[in-house]
Amino acid sequence: MTELKSTHPKIKFTCRDVRVAYSGKEALHGINMDIDDRGVTAFIGPSGCGKSSFLRVFNRMNDTIPGCTVSGEIKMDGDDIYAPDLDPVLLRARVGMVFQKPNPFPKSIYDNVAYGPRIHGLAANKSELDHIVETSLQKAGLWDEVKDRLKDTGTGLSGGQQQRLVIARTIAVSPEVILMDEPASALDPIATAKLEELIDELAQKYCIVIVTHSMAQAARISQRTAFFHMGNLVEYDVTSNIFTNPKDMRTQDYITGRTG
Amino acid sequence: MTEATSIHASEHALKRLKKRHAKERRFKALGLLAIGLAVSALAWLLISIVGTGYKAFYQYDFTLEVEMTESILDPQQERDPDKLRKANYRRIIQNALYERFPDVTDRKAKRELFNIISSSGAPNHIRQMAYNNPDLVGQKLIITVPTSDDVDQLLKGNIDRNIDQSKRKVSDQQIAWVDELVKTKEIKAEFNTRFFTNPDSRDAELAGIASAFLGSLMTLFVTALLAIPVGIGAAIWLDEFAPRNKFVDFIEININNLAAVPSIIFGVLGLAIFINFFGLPRSIPIVGGLVLGLRALPTVIIATRASLMAVPQSIRDGALSIGASHVQAVFHHKLPHAGPGIMTGSIIAMAQALGETAPLLMIGMVAFLTEIPKSPTDPATVLPVQIFIWAGNSERAWVEKTSAAIMILLLVLIIINSMAIWLRNRLEKRW
Numbered sequence: 096m097t098e099l100k101s102t103h104p105k106i107k108f109t110c111r112d113v114r115v116a117y118s119g120k121e122a123l124h125g126i127n128m129d130i131d132d133r134g135v136t137a138f139i140g141p142s143g144c145g146k147s148s149f150l151r152v153f154n155r156m157n158d159t160i161p162g163c164t165v166s167g168e169i170k171m172d173g174d175d176i177y178a179p180d181l182d183p184v185l186l187r188a189r190v191g192m193v194f195q196k197p198n199p200f201p202k203s204i205y206d207n208v209a210y211g212p213r214i215h216g217l218a219a220n221k222s223e224l225d226h227i228v229e230t231s232l233q234k235a236g237l238w239d240e241v242k243d244r245l246k247d248t249g250t251g252l253s254g255g256q257q258q259r260l261v262i263a264r265t266i267a268v269s270p271e272v273i274l275m276d277e278p279a280s281a282l283d284p285i286a287t288a289k290l291e292e293l294i295d296e297l298a299q300k301y302c303i304v305i306v307t308h309s310m311a312q313a314a315r316i317s318q319r320t321a322f323f324h325m326g327n328l329v330e331y332d333v334t335s336n337i338f339t340n341p342k343d344m345r346t347q348d349y350i351t352g353r354t355g
Numbered sequence: 011m012t013e014a015t016s017i018h019a020s021e022h023a024l025k026r027l028k029k030r031h032a033k034e035r036r037f038k039a040l041g042l043l044a045i046g047l048a049v050s051a052l053a054w055l056l057i058s059i060v061g062t063g064y065k066a067f068y069q070y071d072f073t074l075e076v077e078m079t080e081s082i083l084d085p086q087q088e089r090d091p092d093k094l095r096k097a098n099y100r101r102i103i104q105n106a107l108y109e110r111f112p113d114v115t116d117r118k119a120k121r122e123l124f125n126i127i128s129s130s131g132a133p134n135h136i137r138q139m140a141y142n143n144p145d146l147v148g149q150k151l152i153i154t155v156p157t158s159d160d161v162d163q164l165l166k167g168n169i170d171r172n173i174d175q176s177k178r179k180v181s182d183q184q185i186a187w188v189d190e191l192v193k194t195k196e197i198k199a200e201f202n203t204r205f206f207t208n209p210d211s212r213d214a215e216l217a218g219i220a221s222a223f224l225g226s227l228m229t230l231f232v233t234a235l236l237a238i239p240v241g242i243g244a245a246i247w248l249d250e251f252a253p254r255n256k257f258v259d260f261i262e263i264n265i266n267n268l269a270a271v272p273s274i275i276f277g278v279l280g281l282a283i284f285i286n287f288f289g290l291p292r293s294i295p296i297v298g299g300l301v302l303g304l305r306a307l308p309t310v311i312i313a314t315r316a317s318l319m320a321v322p323q324s325i326r327d328g329a330l331s332i333g334a335s336h337v338q339a340v341f342h343h344k345l346p347h348a349g350p351g352i353m354t355g356s357i358i359a360m361a362q363a364l365g366e367t368a369p370l371l372m373i374g375m376v377a378f379l380t381e382i383p384k385s386p387t388d389p390a391t392v393l394p395v396q397i398f399i400w401a402g403n404s405e406r407a408w409v410e411k412t413s414a415a416i417m418i419l420l421l422v423l424i425i426i427n428s429m430a431i432w433l434r435n436r437l438e439k440r441w
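So the sequences go chain by chain: A and B. For the first sequence, this note's numbering assigns the number 96 to the initial residue and increments by one for each residue that follows. For the second sequence, this note's numbering assigns the number 11 to the initial residue and increments by one for each residue that follows.
So that you can see chain A by itself, here it is in the shape it has in the complex (with noise of 0.2 Å):
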């Protein structure tokens, strides 16, 4: 993983004095973070400190909660994604998003991962749409496992299947960035080392932002980790500089596990 390091050139994010709000009450204060393409950033934290929450910003998904508000500026390859132009409708083809309890519809496999690039006409005829699928189902390493009952309602494979199934079904609308929220925290640890293998794999071709409990998870598969308190980011740098050698006391109090 180091060669992707954080010294790749590109950034994808780039977060000014960004501000979440539920009802009036203010759970992020001011967040300013650049988010490298490519490679994993990971968000660590104790509860409650808005990491998800700030994860949302990305693809506007707080837009659905009512009494949520946004404010600051957030810029994606320096557009403006709370642009009143913006339709938060294909910012979301554009950056995927991976919940922390698996949520494949109650519909077949095939349905699953067809649900997005049929309804953004991804696919001219059966046969693109059954490759989408297919090449879908590969990459997010669950095609084996699968392919004899693509039939078979997606609800019924196990819960890492479930979780792979999902990222199948957010890769098959061709994303640019995909967002996980705590992928792993229902999965038990077989599963789990198949999914950071995978996030592992997807690194290369996405710009992966991940929120994760688990700071061994954070230090396995990040490149950069951001460490939130409180609703502040407390310390961001290179994934191995946050665990060897924290500036702020507050994380070093953290990772060692005296606070959180």
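It is worth saying that the hints were derived from the structure and are not from the lab. Only a predicted model underlies this, so the values are computations on that prediction, with no experimental measurement involved. For each residue, glycine too, the CB sits at the ideal point set by N, CA and C. Among the hints, a few may not be true.
[Unchecked claim] Derived contacts from chain B toward chain A, CB cut-off under 7 Å, selection only:
#: 1; residue: S324
#: 2; residue: G333
#: 3; residue: A334
[Claimed, not checked] Every beta carbon over 10 Å from chain B, so not counted as near; a handful from chain A, in silico:
#: 4; residue: C110
#: 5; residue: E121
#: 6; residue: M128
#: 7; residue: D132
#: 8; residue: S166
#: 9; residue: G167
#: 10; residue: K170
#: 11; residue: D175
#: 12; residue: Y177
#: 13; residue: K242
#: 14; residue: E292
#: 15; residue: V329
#: 16; residue: D343
#: 17; residue: T351
#: 18; residue: G352
Using the hints, position chain B against chain A.
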């Protein structure tokens, strides 16, 4: 374990434990008592209704030979159906009865004799036959017509033969004739198809539920047409698209309150809006359906919202996160999974509407109608109102008719509700 150490084995603790168990036993016994009360009330209701109602499903019919005397029906020998319709068929029936009992000569006795047969049912029966086929005039026919409701009640054992004849509706002489006719099998019990095919009538022996049943169907059709699409649409908007503000909160509170408003208020509303303002005719299923539709709206909205809310938010999030629009997320994902619940709720709302009486009284669907309605713009009545009308009649024969109509209504409700349960079990998705 030494007895001194455990605080859970002390005398005090054991006493408390005993008390706790006693409390539990008392609660279980009370629960059993409650269930017992509910079940016995239901059983009582069913037994009393079925116990009286079953008698309406058979009826004593009189088979007799009549001569369609030409000189009475068609003296000009024109065989014109329209003129035949106005002829005196009562005379034909009377003559047939006098023929059957030739020794009856006294005027009073003759009148009593005629009263054992359905006084309007029998003449109308042959009137219809002659109208349909004028060639029958001049011929001898064997017809089967209902006995009068009093004779029917006598044979069903609802009239006491042992009390003095001045105190009962059937005279001793009539009883003698009827007994003779029963012995010769000229009067015998038949399955009462008239109850299902006839409209309402002044005569109990002729009254049926056909007009009320059809009226109910048409009314319910209009109700469903209004309440289901509008209710589901309103629920989707409120649940998914409504802005969060005081005004929407106000609407929501009012919809919930509307479900608890007494139904007769909806009748007054319908009277004011549809009949007085829009000038629609009274007593028609369209107006009834609209009123019941308004009545059912809050139920459908509440049921739909409950089913929509039961769909996990993660499904919607999943759809949104891959770039589905809000409408797509709702219609592709939320609605299909809320479908069984919405359907069940709508069916239950329809079942409620089917049993509704009070608002329909306000808009005149309580009219006495002897015609079967042919379209939703014909005056009609509905099953529960029919029951209400019959229950107000004084003759003994209406008691069983009322119970039988209740049985039919309950049967329809049971069918509708089982459909709802079947749909729910079949289509319900779990995740």
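Going through the hints against the structure:
no., hint, in the structure
1, S324, "4 Å, holds"
2, G333, "3 Å, holds"
3, A334, "6 Å, holds"
4, C110, "20 Å, holds"
5, E121, "19 Å, holds"
6, M128, "21 Å, holds"
7, D132, "20 Å, holds"
8, S166, "19 Å, holds"
9, G167, "22 Å, holds"
10, K170, "20 Å, holds"
11, D175, "19 Å, holds"
12, Y177, "17 Å, holds"
13, K242, "22 Å, holds"
14, E292, "23 Å, holds"
15, V329, "28 Å, holds"
16, D343, "32 Å, holds"
17, T351, "34 Å, holds"
18, G352, "31 Å, holds"
Hint compliance for this structure: every hint is met.
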